[in-house]
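Engineer: Throw the hints in and build the complete structure from the sequences for me.
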Amino acid sequence: MADFTAEVFQNEFLPDGGTDVHAIVRVTSTGASTAGSMTTPTAAGSSAEVILIDTSGSMGRRGVAAASEAAKAALNEIVDGTLFAVVSGNGTAQIVYPYSHQGALVAMSSNTRGEAVRAVEGLRANGGTAMGTWLTLARKIFETVPHVTKRHAILLTDGVNEGETPQSLQSAVASCVGAFQCDCRGVGDQWRVEEVRSIASALLGTVDLIPAPEQMAAEFERMMRASMARGVANAELRVWVPQGAELLFVKQVSPNLEDLSSRKTQVNPLTGAYPTGAWSDESRDYHVAVRLPARTLGQEQLAARVSIALGPDPVAQALVKAKWSNDDTLTTRIDPAVAAYTGQAELAKVIQDGIAAKAAGQDDVATSKLGRAVQLAAQTGNAEMTTRLKKVVEIDDADTGTVRLKKGVSKIDDMSLDTASTKTSRVRR
Amino acid sequence: MTDLPTDAPLASPASAGPAAYPDLPQASGPPSPPGPSCPTCGTDNDAGATFCEACGADIAPAGPAASGATTGAPTSGLAVGVGAVATPQTAPTGEESPLDVGWTGVVTATGAGSALPDLTCAACGLGQIVDGYCDHCGTPPPDPRNHVVQTPATWVGGVCDIGKRHSRNEDAMSLSASPTPGSRAVLVVCDGVSMATDSHIASLAAAKAALVVLDQPFPRGVGTHDAWTAGAGRALTTAVSEADAAVAATVTADVPNPPSCTFAAAVVENEVIVAANVGDSRVYWLPDSAAEPARQLGSDDSYAQEQIDGGMDREQAETGPQAHSITRWLGKDSPDDLTPHLTTVVATPGWLMVCSDGLWNYCSEADELRARVQSAATVAARPDGTSDPTEIAQQLVDFANAQGGRDNITVAVARLAGQGSIATSGVAFATAPAASEEEETTHG
Chain A
1 MADFTAEVFQ NEFLPDGGTD VHAIVRVTST GASTAGSMTT PTAAGSSAEV ILIDTSGSMG
61 RRGVAAASEA AKAALNEIVD GTLFAVVSGN GTAQIVYPYS HQGALVAMSS NTRGEAVRAV
121 EGLRANGGTA MGTWLTLARK IFETVPHVTK RHAILLTDGV NEGETPQSLQ SAVASCVGAF
181 QCDCRGVGDQ WRVEEVRSIA SALLGTVDLI PAPEQMAAEF ERMMRASMAR GVANAELRVW
241 VPQGAELLFV KQVSPNLEDL SSRKTQVNPL TGAYPTGAWS DESRDYHVAV RLPARTLGQE
301 QLAARVSIAL GPDPVAQALV KAKWSNDDTL TTRIDPAVAA YTGQAELAKV IQDGIAAKAA
361 GQDDVATSKL GRAVQLAAQT GNAEMTTRLK KVVEIDDADT GTVRLKKGVS KIDDMSLDTA
421 STKTSRVRR
Chain B
1001 MTDLPTDAPL ASPASAGPAA YPDLPQASGP PSPPGPSCPT CGTDNDAGAT FCEACGADIA
1061 PAGPAASGAT TGAPTSGLAV GVGAVATPQT APTGEESPLD VGWTGVVTAT GAGSALPDLT
1121 CAACGLGQIV DGYCDHCGTP PPDPRNHVVQ TPATWVGGVC DIGKRHSRNE DAMSLSASPT
1181 PGSRAVLVVC DGVSMATDSH IASLAAAKAA LVVLDQPFPR GVGTHDAWTA GAGRALTTAV
1241 SEADAAVAAT VTADVPNPPS CTFAAAVVEN EVIVAANVGD SRVYWLPDSA AEPARQLGSD
1301 DSYAQEQIDG GMDREQAETG PQAHSITRWL GKDSPDDLTP HLTTVVATPG WLMVCSDGLW
1361 NYCSEADELR ARVQSAATVA ARPDGTSDPT EIAQQLVDFA NAQGGRDNIT VAVARLAGQG
1421 SIATSGVAFA TAPAASEEEE TTHG
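From first to last, the protein sequence lines stand for chains A and B. Position 203, counted from 1, in the first sequence is what my numbering calls 203; the numbers after and before it change by one each time, with no gaps. Position 67, counted from 1, in the second sequence is what my numbering calls 1067; the numbers after and before it change by one each time, with no gaps.
There could be a bad hint or two in this list.
Looking from chain A toward chain B, a few residues come up when the C-beta cut is under 8 Å (computed) [to be verified]:
| no. | residue |
| --- | --- |
| 1 | 243 |
| 2 | 303 |
| 3 | 319 |
Computed far set for chain A versus chain B, every beta-carbon distance over 10 Å [claimed, not checked]:
| no. | residue |
| --- | --- |
| 4 | 61 |
| 5 | 73 |
| 6 | 80 |
| 7 | 259 |
| 8 | 379 |
| 9 | 397 |
| 10 | 404 |
Don't read these hints as lab results, they were simulated from the structure. Beta carbons are placed, not taken as given, at the ideal position from N, Cα and C, and that holds for glycine.
Structural biologist: In C-alpha cells:
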C-alpha cells in the first residue's frame, strides 16, 4: 500500500497588518507503483486504458503508419489483465479493437494484444477532426466498467478541432471530467496548443508536442509505462482554511503548473477538495495562498490544513501557519520555494501570453512579454527555458529583458516553447 | 521560659510531626515513561522531563523531578498549571506520605486529574483543538504560561501574567505552603532575560529547581533562630546554584545567547522570613504597621542599582537608558559569584511579596507598594477577616497591566501574622523580639 507524506515550505511570519500566507506543500508517495507492478499481471479489472488515435485525412499515409506503430508500442506496455480498447477518431469515433462481440473493453493477454496490433495496422487516414466525439466514445467505454477506479486514456491528434463547435468540444470535455484521465499529444505543427492543453488540463493529464511522426512510438511507450506505474487510482488534495479566511488559490506547481482553484468541490464549509488523479511513486508540489484577517502582533493562527486523501480519509497532512511579528528580519524573508515557484508561474504566464500575442500579430506586446520571460529565466537560472526562448527571440540583454522577435521562426519552435512553459523545475530544499 | 528552644525534633514544621510515623516507608514513584509527549503542544520530551522544553507546559504525571530530593515534597503548586491550582495540593496519588510537609491525608484517585481535558477552542468557542489548532478558527490553545494562578494555601498565593506587550511569558513562579498560616512557605519568582534566547525555558527550569531544594526541611542545628536562618541561607544559596545548573542544562550546545533569568525567593518558617535574590526580581516586606518601614529585602543586581549606589536618584536611575540591564543572572554564561543577597526578617503582621520587574516598574517604592497591597487586601477580604492572597496578587497584576503591562508580571504574596501568632507553640526561636533587626548579608 502506498504511503503519502506532506511537508510544508513557508515563512509563517507576517508583518503587522499582514494578511496573505503563501506556502508550498510537497506531497510525496512511496510504494504506489507496487500495485501496478510491471512484473505481475494486474488483477483483471483493476484498471482500464483507452488509446485514441487521430485518423483524420491530414494524418496521411505516413502519419497513420507512425500512429499505428505508436499504438503498438503503447499496447506492448499495457500489463496483462488491464482492460483496454483502441479508438480511431476523425469526424466521428470508432472502436478499432476489441471486436464488437467482445464488448467495449477486453482484458490484455498475449492473444488480445496480437489481435489489437493487427487491428491498428489496418487504420486508414480519412475525414475531419472532432475530438469531442472521440472523448465521448471513450467516456462511454469507461462507463461500461463502473467498478474500475483507475481509468486512463491517451489522445493523439495532428490538427485543429473542426467539424464540431468549440462549445460542443467543451461540453464533451466537461462530461468526461472525473470519468477518466487523459494525456494528450499533438504531432506536427498543425494542432493548437491551447485547445489540446485545455483538454489535458481538465482531464488531469499532460500535454506535449511530438515534432515528427517517427517520434510517436517512443513517446507512447513512455506515456503508457508511466500510466502503468500509477498504483494509486484517485487521490484528492484537501485544503481547510479557518472560518473568516479566504482561499486565494490552490495551484499545482510541480512537476507542471496547473491552477486547481476551479476544480474545487466542497467537503464541508471550511474544506475544499481537488482531484489529483492517479499517483505513482512521485512528488508533487502545491502552492496554497490564504488571506486571513490580520491579528495582533504575537498572535498565531493556523492558516490552512493541506491533506491528501484516498477515499474518505486523509492519509497525510501538512499545517500552514501564520504568526504576526514586528521583527522585520523574520517577516521580510520570502521562503525560497514560494519565491521560486511564484517566479516559474509568472514565467509560464508571460511565455503563453507572449506566444499568443505573437500569433495575433501584436508584436510589441509579444516582445515585451517574451522579454520579461527572458529576464525571469535568466534570474532563476532556468537554462532550458532560456534555450527555448532563444529559438524565438534575439536576446540583446537578458538582465533588462531587452529582446527582438526573430524573423522566420518555425512554428514548431513557438509551439514547443508554449507546451514547455508549464513544466517547472523542482525546487530543492 | 518561652525563649528556650524546644527539644522537639524540628525536621518538619508541619503540625503532624514526623516522629509519629518514623518508619513508614517512602513510596517510590513509578518509573517515568520514556519520552513523554507534551499534552499542550505535542513535542516529545526526554524521559523524566516534568515540563515541556518547547512550550513550558507541565508534563503530568511525570512525578518528582529528581530522585529522593522530592520525596518529602509538600504542597507544591508548580509553576505551570491551567487555571488555579487546588488548595491544598499534595503529592501525586500513591506517593503521598505522612512525612510530607502539609500532610493532608491519602489522596484518592478520583480527582479532577482523571477527567479528560476540554478541547473546546477558547478563542471561538465553536471548534475543537485537533492538532494543536482549532478546527474552526485555526487558533492554537492559549499558552498555559500566559496566565498562571497558584494558591498553595489560604495564606499564600500568586499570579504570573504575560502582560500586555510581550508575545510570551518569560516569568515563572513556584510556590508551596503548608496549610497553617505562617508555618512554612516557599515563594520563588524568576524572570527570563529577554535579550537571551528561550529565556522562558530558563525561568521555568530555575523556579522548579529552586523549589525542589527549598521544599526540603532545613537543618536546624541546635534549634536556635540563628542556626535556622543560617541553614535557610545555605539552602537558598544551594537553590540558586541548583537553579543556575538547571538553566544551564536547558541548552546542550554552545549557543551565542544562552537562556538566562533572574532569581528571587523567600522562605517562611514559623513567621521568620529569609529572602534571597540575584538580578532585579525583588522581595518586599510590607508590614501592616505604619511605624515599621516597608522595604525591599536585598538589592538589585542592576545597572540602575549601581547608579543609585553612586548617588543617583532612584526614579531617575530606574527609568534611565539602561535601567533594565542586570549585572548578575542565572544561566550558562552566568557570573562566577552567584551568592544571593540574603535578608532575614522576623515577621510582624504584614505582607511578604516576591515580584518581577513587571510590577515594580510601575511601583518601585516600598511604601507605595504597601499602600496598594493594603487597599487590595480590603477588596480581597474574606468573611473570616483574612484576605485572599491570590486575589491581592491579581489586583496588583491588574494594576501593572492598567499602567501598560510592558513586561511580564509576576506577583506572589504571603500573609504573615507575626511571631507568636501560631497556636502550636514550642516552635518559637530563642531570640525573637517582634521587631528585631534582621541581618543582611550582601556579597559581591
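Engineer: Each hint: holds or not?
Structural biologist: Hint check:
1. 243: 5 Å, holds
2. 303: 7 Å, holds
3. 319: 7 Å, holds
4. 61: At about 62 Å from chain B, residue 61 (chain A) clears the 10 Å cut-off, so the statement holds.
5. 73: 47 Å, holds
6. 80: Since the minimum Cβ distance to chain B is about 44 Å, residue 80 (chain A) lies beyond 10 Å and the statement holds.
7. 259: Residue 259 (chain A) is indeed farther than 10 Å from all Cβ atoms of chain B, at 24 Å.
8. 379: 34 Å, holds
9. 397: Consistent with the label, residue 397 (chain A) stays out of reach of chain B, its closest Cβ about 44 Å off (over 10 Å).
10. 404: Consistent with the label, residue 404 (chain A) stays out of reach of chain B, its closest Cβ about 51 Å off (over 10 Å).
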